[in-house]
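Visitor: In order, the protein sequences belong to chains A and B.
So the first sequence is numbered by our numbering: it starts at 1 and just counts up by one.
So the second sequence is numbered by our numbering: it starts at 1 and just counts up by one.
Hints are computed from structural coordinates only; laboratory data are not their basis.
A virtual CB, placed ideally from N, CA and C, is assigned to each residue, including glycine.
Mixed in with the good hints, there may be bad ones.
Pairs of lysine-lysine residues, derived as DSSO-like cross-links and limited to a Cα-Cα distance of at most 30 Å, are as follows [stated by the list, open to error]: (1) LYS117(B) with LYS62(A); (2) LYS151(B) with LYS6(B); (3) LYS180(A) with LYS151(B); (4) LYS180(A) with LYS62(A); (5) LYS117(B) with LYS151(B); (6) LYS119(A) with LYS62(A).
Chain A stretches covered by chain B per the calculated footprint, using a threshold of three residues with CB under 8 Å from any CB of chain B [to be verified]: (7) 78-88; (8) 137-143.
Each chain, written out:
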Amino acid sequence: MIRYDVLKEIAPILRPHLVVCNIGIPSQELHAIDDQPTNFYMLGTMGLASSIGLGLALAQDKTVIAIDGDGSVLTNLGTLPTIANNVADNYILLIVDNGSYGSTGDQPTYAGRKTSLAKMAEAAGCEHVVECAAEDTGRVLAEAIEARRMTVIVSKCESGNRKMPVITMDPVVIRDRFMKAVAG
Amino acid sequence: MDISQKITEDLVAAGIGFVTTVPCKQLAGVIDAVERHPALHHVPSNKEDEGMGLCAGAWLGGTKPCIIMQNTALGVTINSLATLIQFYRMPLPMLISYRGELGEPIACQVEMAVHTKALLAQLHIPAYHFHHQADVEELPRILDYTFMCSKPVAVLTDATFWGGY
Ligand SMILES: Cc1ncc(C[n+]2csc(CCOP(=O)(O)OP(=O)(O)O)c2C)c(N)n1
Ligand SMILES: [Mg+2]
Chain A
1 MIRYDVLKEI APILRPHLVV CNIGIPSQEL HAIDDQPTNF YMLGTMGLAS SIGLGLALAQ
61 DKTVIAIDGD GSVLTNLGTL PTIANNVADN YILLIVDNGS YGSTGDQPTY AGRKTSLAKM
121 AEAAGCEHVV ECAAEDTGRV LAEAIEARRM TVIVSKCESG NRKMPVITMD PVVIRDRFMK
181 AVAG
Chain B
1 MDISQKITED LVAAGIGFVT TVPCKQLAGV IDAVERHPAL HHVPSNKEDE GMGLCAGAWL
61 GGTKPCIIMQ NTALGVTINS LATLIQFYRM PLPMLISYRG ELGEPIACQV EMAVHTKALL
121 AQLHIPAYHF HHQADVEELP RILDYTFMCS KPVAVLTDAT FWGGY
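Chain A on its own, in the form it takes in the complex:
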């Protein structure tokens, strides 16, 4: 399973919740699979989806799922201790770990080699960390939402991308409709 297959499978689980989605092809894929006003698409800033998701979860009560990538978490590793030490039980960080910088042509990341993001999250102090096979992502995600406790999920999937159109929606429109959905 590649990222697209994971996103396709979890889209119905994501739909009622607030989603902050990683830059590049992940956002393009989610947008093509199931565009929702409750989706916040990152269009240009690599690494901050998990931070935006945490800030959002701390600021309001609805469940927030930040979908991030292994490369993006690696570029903002400081996010793991911040998450661990600022527990928001309405927050789930789903790291789609395809072991590569998918959007830029599948260059390998260190997460695909020796580095375990799940162990790094645990070492950072995150209390509920689940590493799972891509096929189990839906079940693990649904359980984490149901449990309503802060969870970091590392979904191990294959590297690869679907050819997707870029998101042409204006960023201010994305932001405005998202904020209305948050407040609604």
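Fit chain B with the ligands to the known structure of chain A by using the hints.
Guide: The following block gives chain B with the ligands in isolation, referenced to the frame of chain A:
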């Protein structure tokens, strides 16, 4: 009232509820006051671009944010300012210690000081420079202005403002 206390009260009066910080010696007092204020949710960040992500999330969630950081952090936040805060048009007051100005004991701090205003100008970020203690009187209006125009706005606070080190 102590200057750090006054700044913190101004943040609260502006409706700010979420503050992220990375320390600077000059900012120690205000970070302390932020941490102790019951109306402020203080989430320290490990790096200032991470902090800007947290602030963006708080804003999306309906809480007015503020970041407190050193001017050296401009180097690691330019991309986040341009592609997140400005691109999605979000307000972000940035209370910045302006290291490397008169009274600075550490030569290296001057290296970023000389670029600070130029970088902010290049980014079209409104910037206010607090040099005398009385300059703090403008803070409430600067905060209102920031949320009025939905832009990142910098408040540079130098060593003279803080009364030396
Ligand atoms: C500061 C910065 N450096 C590099 C890039 C280019 N870039 C965009 S997406 C991406 C890969 C992200 O990889 P990952 O988070 O693992 O997501 P994946 O596409 O693999 O799901 C890179 C390197 C960028 N946008 N910003
Ligand atoms: Mg990846």
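Visitor: Indicate, hint by hint, whether the structure satisfies it.
Guide: Quick rundown of the hints versus the structure:
1. LYS117(B) with LYS62(A): It is violated: about 40 Å lies between the C-alpha atoms, which goes past 30 Å.
2. LYS151(B) with LYS6(B): 23 Å, holds
3. LYS180(A) with LYS151(B): 19 Å, holds
4. LYS180(A) with LYS62(A): Holds. LYS180(A) to LYS62(A) sits at ~13 Å (cutoff 30 Å).
5. LYS117(B) with LYS151(B): Cα-Cα ~17 Å, so holds.
6. LYS119(A) with LYS62(A): 28 Å, holds
7. 78-88: Held - the segment 78-88 of chain A has 5 residues with a Cβ nearer than 8 Å to chain B, which meets the minimum of three.
8. 137-143: With 0 residues close enough to chain B, the hint is violated.
Consistency note: the structure conflicts with the earlier hints numbered 1, 8.
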